[in-house]
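Novice: For reference, the chains in residue letters:
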Amino acid sequence: MPLSVDDRLEILELMARYNHCADGGDGEGFADTFAEGGLFEGSMRTARTREELVQAGAGGGGLWKHWLSSPIIEGDADHATAKVYLVRTGLGDDGAVELIASGTYHDTLARIGGEWRFTHRKVHPDQ
Amino acid sequence: MPLSCDDRLDILEVAARYCRALDRGDAEGLEAVFTEDAVWESSARGRRRGRAAIVDEFRARAARAHTRKHWTSNPVIEGDGDEASLTLDLLVLHLDDGDVRPGTSGVYEDRLRRDAAGWRIAYRKITVDGQRAGFRGAPAQPAGKDATR
Amino acid sequence: MPLSLEDQLDIMELMARYNHAIDSSQPEAWADTFTEDGVFEGSAMTVRGREEMLAFVRNRDQSNPIRHWNNNILIDGDGDEATAKVYLVTFDVTGPPQVRVSGMYHDTLKRVDGQWKFTHRKVQADG
Numbered sequence: 001m002p003l004s005v006d007d008r009l010e011i012l013e014l015m016a017r018y019n020h021c022a023d024g025g026d027g028e029g030f031a032d033t034f035a036e037g038g039l040f041e042g043s044m045r046t047a048r049t050r051e052e053l054v055q056a057g058a059g060g061g062g063l064w065k066h067w068l069s070s071p072i073i074e075g076d077a078d079h080a081t082a083k084v085y086l087v088r089t090g091l092g093d094d095g096a097v098e099l100i101a102s103g104t105y106h107d108t109l110a111r112i113g114g115e116w117r118f119t120h121r122k123v124h125p126d127q
Numbered sequence: 001m002p003l004s005c006d007d008r009l010d011i012l013e014v015a016a017r018y019c020r021a022l023d024r025g026d027a028e029g030l031e032a033v034f035t036e037d038a039v040w041e042s043s044a045r046g047r048r049r050g051r052a053a054i055v056d057e058f059r060a061r062a063a064r065a066h067t068r069k070h071w072t073s074n075p076v077i078e079g080d081g082d083e084a085s086l087t088l089d090l091l092v093l094h095l096d097d098g099d100v101r102p103g104t105s106g107v108y109e110d111r112l113r114r115d116a117a118g119w120r121i122a123y124r125k126i127t128v129d130g131q132r133a134g135f136r137g138a139p140a141q142p143a144g145k146d147a148t149r
Numbered sequence: 001m002p003l004s005l006e007d008q009l010d011i012m013e014l015m016a017r018y019n020h021a022i023d024s025s026q027p028e029a030w031a032d033t034f035t036e037d038g039v040f041e042g043s044a045m046t047v048r049g050r051e052e053m054l055a056f057v058r059n060r061d062q063s064n065p066i067r068h069w070n071n072n073i074l075i076d077g078d079g080d081e082a083t084a085k086v087y088l089v090t091f092d093v094t095g096p097p098q099v100r101v102s103g104m105y106h107d108t109l110k111r112v113d114g115q116w117k118f119t120h121r122k123v124q125a126d127g
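Residue numbers (the working numbering), protein chains in the order written: chain A, 1 to 127; chain B, 1 to 149; chain C, 1 to 127.
Careful: at least some of the hints might be erroneous.
[Unchecked claim] Straight-line alpha carbon distances no greater than 30 Å define the calculated DSS-like cross-link-like pairs of lysine-lysine that follow:
1) C:Lys85 with A:Lys83
2) C:Lys85 with C:Lys122
3) C:Lys117 with A:Lys83
4) C:Lys122 with A:Lys83
5) C:Lys85 with C:Lys117
6) A:Lys122 with A:Lys83
[Claimed, not checked] Interface residues of chain C toward chain B, partial, derived using beta-carbon atoms under 8 Å:
7) Leu5
8) Asn71
9) Leu74
10) Tyr87
11) Ser102
12) His106
13) Gln124
14) Asp126
15) Gly127
Source of the hints: derived by calculation from the structure; they are not laboratory data. Glycine included, every Cβ here is placed at the ideal spot set by N, Cα and C.
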């Protein structure tokens with residue numbers, strides 16, 4: 001069974017929540033976007049345990065913002081893969097926005113207890 | 001009743017129409033996305049009460065039309081029945097003399113209401129990054145301070 | 001019949017596939033986002049039909065990697081035909097991302113064998 005409209009919107013919202021948590025330094029919320037045992041392979045660190053994920057999510061609070069574009073989501077009722085573009089911005093000393101880095105997330109997701117979660121999220125940096 | 005997928009896409013379209021109207025200096029387009037009693041509040045420009053006052057605020061900036069592009073990302077929508085909230089990140093690109101560069105970034109925190117005309121914005125709060133408590137260590141600054149510093 | 005939610009999400013995903021295909025220089029994947037007789041009208045040139053599209057991607061300068069980003073997607077349509085307006089920027093991602101082009105796509109689309117494709121995609125550059 002292909003992904004429903006509901007599934008596709010839920011996965012898009014999961015990606016948005018991930019960014020809000022990473023940018024706000026909400027480590028618990030960040031870890032909640034992953035399935036238990038889920039693996040995060042960022043450009044700066046890798047996290048697998050709940051404790052590591054909480055740390056990874058809490059580390060960037062207030063330092064930057066994540067932006068996404070061009071999501072491609074494929075899957076069936078309970079499993080999905082996704083590719084989505086990422087840009088990270090920060091603020092310069094003059095208060096103007098600076099574009100810091102870009103890349104693509106390669107995701108695998110699963111629906112667990114009725115909710116979509118990342119089982120693996122890997123950043124492929126452009127730079 | 002929880003929001004349907006239709007509601008969610010409609011709300012995202014309202015947010016897109018706001019950006020496009022603003023960037024084109026399209027006052028009628030802007031009018032269409034607000035409820036009559038809407039409140040618009042900015043960490044840089046203060047508060048405007050009522051759709052007419054909001055549209056006047058943007059008419060005053062019409063000279064800037066086509067030199068700013070409002071980009072958004074990371075929509076999170078929550079709601080029930082005819083009421084919804086939307087949190088949305090904002091990046092403003094500045095176009096000057098053929099050069100495009102990022103200007104300011106911030107966050108929209110909105111409340112939307114549905115009536116016979118569909119979903120519209122009843123309250124929009126804009127907080128510019130750097131004027132937001134905790135962003136890059138910057139203290140919260142009072143409303144009215146110039147966004148561009 | 002107005003467009004369904006699925007149609008709208010499919011059209012958004014078509015735009016994402018277009019971006020990923022052109023940015024990773026995949027001629028077939030990019031041409032697949034257009035109908036056989038589709039037209040791409042760029043700022044400097046126009047490409048018509050599948051053969052020209054394949055050649056266009058094959059001959060593209062790939063020395064500076066770029067990323068196409070979209071935002072504020074507005075879609076109107078009925079039955080098997082649609083139009084769309086969408087913001088575009090391209091980032092040069094050789095180093096920290098830099099905005100190269102800002103503009104808007106004006107699209108007309110058609111559903112062919114159950115899949116949405118561009119029949120005409122025109123770039124309107126800002127400034």
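Novice: Under 8 Å, Cβ to Cβ, is where Tyr87 of chain C needs to be relative to chain B, so tell me if that hint holds or is violated.
Specialist: With Cβ-Cβ at 7 Å, under 8 Å, it holds.
Novice: Is the straight-line distance between the alpha-carbon of Lys122 of chain A and that of Lys83 of chain A 30 Å or less?
Specialist: holds, 10 Å
Novice: Is the interface hint for Gly127 of chain C satisfied, with its Cβ closer than 8 Å to some Cβ of chain B?
Specialist: The hint holds - Gly127 of chain C has a Cβ within 8 Å of chain B, the shortest such distance being about 5 Å.
Novice: Quick check on the hint: His106 of chain C CB to chain B CB, less than 8 Å?
Specialist: Hint violated; His106 of chain C Cβ to chain B Cβ min 13 Å, cut 8 Å.
Novice: Regarding the hint that Gln124 of chain C lies at the interface with chain B, is the smallest CB-CB distance below 8 Å?
Specialist: violated, 12 Å
Novice: Does Leu74 of chain C meet its interface restraint, that is, does its C-beta lie within less than 8 Å of any C-beta in chain B?
Specialist: holds, 6 Å
Novice: Under the criterion that the straight-line Cα-Cα distance not exceed 30 Å, is the pair Lys85 of chain C, Lys122 of chain C satisfied?
Specialist: holds, 10 Å
Novice: Is the straight-line distance between the alpha-carbon of Lys85 of chain C and that of Lys83 of chain A 30 Å or less?
Specialist: Judged against 30 Å, a Cα distance of about 23 Å means the pair holds.
Novice: CA of Lys122 of chain C to CA of Lys83 of chain A, is that 30 Å or under?
Specialist: This hinted pair holds, its Cα atoms lying about 25 Å apart.
Novice: Given Asn71 of chain C as an interface hint, is its Cβ closer than 8 Å to any Cβ of chain B?
Specialist: holds, 5 Å
Novice: Does Lys85 of chain C pair with Lys117 of chain C here, judged by a C-alpha cut-off of 30 Å?
Specialist: holds, 15 Å
Novice: If you draw a straight line from the CA of Lys117 of chain C to the CA of Lys83 of chain A, is it 30 Å or shorter?
Specialist: Since the Cα atoms of Lys117 of chain C and Lys83 of chain A sit roughly 20 Å apart, the hinted pair holds (cutoff 30 Å).
Violated hints, in rising order: 12, 13; the structure is consistent with all others.
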